[in-house]
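J.: Heads up: the sequence lines are chains C and L, in that order. The numbering of the first sequence is our numbering, which starts it at 1 and goes up by one. The numbering of the second sequence is our numbering, which starts it at 1001 and goes up by one.
Hints listed in this document are in silico derivations from the structure and should not be mistaken for laboratory results. Hints are not guaranteed to be accurate.
If you only want the chain L side, here are some residues facing chain C, beta carbon under 8 Å, derived [claimed, not checked]:
| id | residue |
| --- | --- |
| 1 | G1018 |
| 2 | S1140 |
| 3 | P1142 |
| 4 | W1145 |
| 5 | V1156 |
| 6 | S1193 |
| 7 | V1246 |
| 8 | L1280 |
| 9 | A1281 |
Across the chosen pairs, the derived CB separations fall in these ranges [stated by the list, open to error]:
| id | chain 1 | residue 1 | chain 2 | residue 2 | range |
| --- | --- | --- | --- | --- | --- |
| 10 | C | N186 | L | M1236 | 26 to 34 Å |
| 11 | C | S43 | L | L1060 | 43 to 51 Å |
| 12 | C | N186 | L | K1073 | 41 to 49 Å |
| 13 | C | N186 | L | L1080 | 46 to 54 Å |
| 14 | L | M1025 | C | D275 | 40 to 48 Å |
| 15 | C | W54 | L | D1032 | 25 to 33 Å |
| 16 | C | R110 | L | I1127 | 45 to 53 Å |
| 17 | C | N41 | L | A1049 | 47 to 55 Å |
| 18 | C | S43 | L | A1043 | 42 to 50 Å |
| 19 | L | L1060 | C | R145 | 25 to 33 Å |
| 20 | C | M6 | L | A1253 | 44 to 52 Å |
The beta-carbon is built from N, C-alpha and C at its ideal position, and this holds for glycine as well.
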Amino acid sequence: MNKKMMKMLYKRKTAFVGSIIILLVIITALFAPFVAPYDPNLSDLDKRLMPPSWEEDGSQEHLLGTDHLGRDLLSRIIYGTRISLLVGIITVLLSGIFGTVLGLLGGFYRGFIDSFLMRLTEVQLAFPFILLALAIMSVLGPGLRNVILVLSITGWVMYSRLVRGEVLLLRELEYVKAAKALGQKNRKIIFGHILPNVFPTIVVVGTLRVANMIIAEASLTFLGLGVESSIPTWGSMLADGRNYITSAWWVATFPGIAIMLTVLGINLVGDWLRDVLDPRLRTS
Amino acid sequence: MSKSLLRKLRNAIIVLLGVSIVVFMLMYLSGDPVALLLPMDTAPEIVEAMRDNLGFNDPLYVQYFRFLSGAVKGDFGLSLHHNQPAMELILERMPATIELALASIFIALAIAIPLGIITAVFSNTIIDYIGSIIALLGQSMPVFWLGLMLLYFIGVKFRLLPITGRGSWQHIILPAITVGAYTAATIARMLRSRMIEIMQQDYIKTARAKGVRQKWVVLKHALRNAVLPVLTILAMQIGTLLGGAVITETIFAWPGVGRFMLQAIQNRDIAVVQAGVFVLAVSIVLINIFTDILYTVLDPRIRYE
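Excised from the complex, chain C in its bound form:
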């Protein structure tokens, strides 16, 4: 990020707040063992379903209370950031690369490849995203690797459609025609001339998609078809909390707030990036 962008970021308060949230989440994820007061899997059945410290029966030892196995909620939320960020970033990278390459090829070569890709995206868009992910997860079985795989498989469509649309416009521009006339190879034109111009759009969509992927992972885990229950994640905490919602509201409330704040931070920065990087808005 250059100096000018940093200045713009500071100027737009909402984006600045968003970037601070993201920074805090990243730091928390990286330094979880140092920040978390307890081992996230350490259970103490004597302290099960202890309310947050400010409640009547709460204890200063467990700021946000404990779950049904007496595990410290704050520590589990802190460790949960790791999985959420990991899934969010890796799935966006995988689906982004795959979708972009297909979008570039379809938009540039048109013809059969393009028609085939367009129908393929339409077929995939005909399925409710979470339902398709659930159906595939039920086949593959729960697990972190499978969650990343499924979300990447179901997430590429957005990029390919968007990139294809941009490429259709770009391939008619003078500089692409000039490159063709100079005898440059298609591969060089696609990756050397077109891709750099599509890249800002990919960055914007990718940023916003990290938020969607975090929610998708939490949804799958919440429904019991996501990350294994031994790993502390926000989705599994919410699933646990659901069973105790009438007696221990805090178990489901705080992981949800963690998801909401993280997603909010990403959305705020994503919105700002869209305004800054989208060339059409930049020139206006």
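For chain C, the structure is supplied; the task is to place chain L on it using the hints.
T.: Positioned in the frame of chain C, the structure of chain L alone reads:
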């Protein structure tokens, strides 16, 4: 118009064929379909005989066409757990899901349109900031968390509304808010930016110069032109709405297709999963065609393109 509509219909048929291939493949992705039907300790000869009997030894394309001819007639086979036709089970639960989807669209529009208009009319004021923050939070909340919070605070703590099941009109409020919140936030944000854009157009200035009152400028001139993108977003959100319904129906024990399918997925009741996925996907394709036709009715310019 007819030419473009025919092209869209042709594409829709191709997409539906693609959908049928994916749904057909679901059966094979879940392992040996025959193994799901028989006890684990069944002798291999019996498994083989069953496989032969059910046609699983036929070439894949023969099996696909057999599946397709069944799918066209709504025949996806029997549910393993209910021993009833899978399609029948899905269709029995469809009214509850349609009811939830319609109620959530209604709630989404009832929240989004006033919020979008107010934030646009009062843009860059405290009202706009508060409204925009509400919309942003709505977009950032996981559906299932909102559902749990409504269930606890509205249903359990303050006992304002029933929390599970289907029956009276009160039963649908919490699930409908849960499913519709994200769509409401998305529409409100889009409507705000579109209205702000429109309010700077010359025809709005002309209406004002002619002495048209602010209320009519906003409602009759600006809103009318900002409504078409709302339709686009609604059509795009159908998948999200139905996906959200899967989770919401589970939380609120709403007896719809979503909850039933989740149970089928967990029980590996593949015929029900296939029938349910097929019905929902076909619904989405049909809704998209319907939206395309509606566009041409609402915006005559599209008809002449």
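J.: Against each hint, give a clear statement of whether it holds in the structure.
T.: Structure-based check of each hint:
| no. | hint | in the structure |
| --- | --- | --- |
| 1 | G1018 | 3 Å, holds |
| 2 | S1140 | 4 Å, holds |
| 3 | P1142 | 5 Å, holds |
| 4 | W1145 | 3 Å, holds |
| 5 | V1156 | 5 Å, holds |
| 6 | S1193 | 11 Å, violated |
| 7 | V1246 | 6 Å, holds |
| 8 | L1280 | 6 Å, holds |
| 9 | A1281 | 4 Å, holds |
| 10 | C:N186 / L:M1236: 26 to 34 Å | 33 Å, holds |
| 11 | C:S43 / L:L1060: 43 to 51 Å | 49 Å, holds |
| 12 | C:N186 / L:K1073: 41 to 49 Å | 47 Å, holds |
| 13 | C:N186 / L:L1080: 46 to 54 Å | 51 Å, holds |
| 14 | L:M1025 / C:D275: 40 to 48 Å | 42 Å, holds |
| 15 | C:W54 / L:D1032: 25 to 33 Å | 55 Å, violated |
| 16 | C:R110 / L:I1127: 45 to 53 Å | 48 Å, holds |
| 17 | C:N41 / L:A1049: 47 to 55 Å | 49 Å, holds |
| 18 | C:S43 / L:A1043: 42 to 50 Å | 45 Å, holds |
| 19 | L:L1060 / C:R145: 25 to 33 Å | 28 Å, holds |
| 20 | C:M6 / L:A1253: 44 to 52 Å | 50 Å, holds |
Hints 6 and 15 from the list above are not met by this structure, while the remaining hints are.
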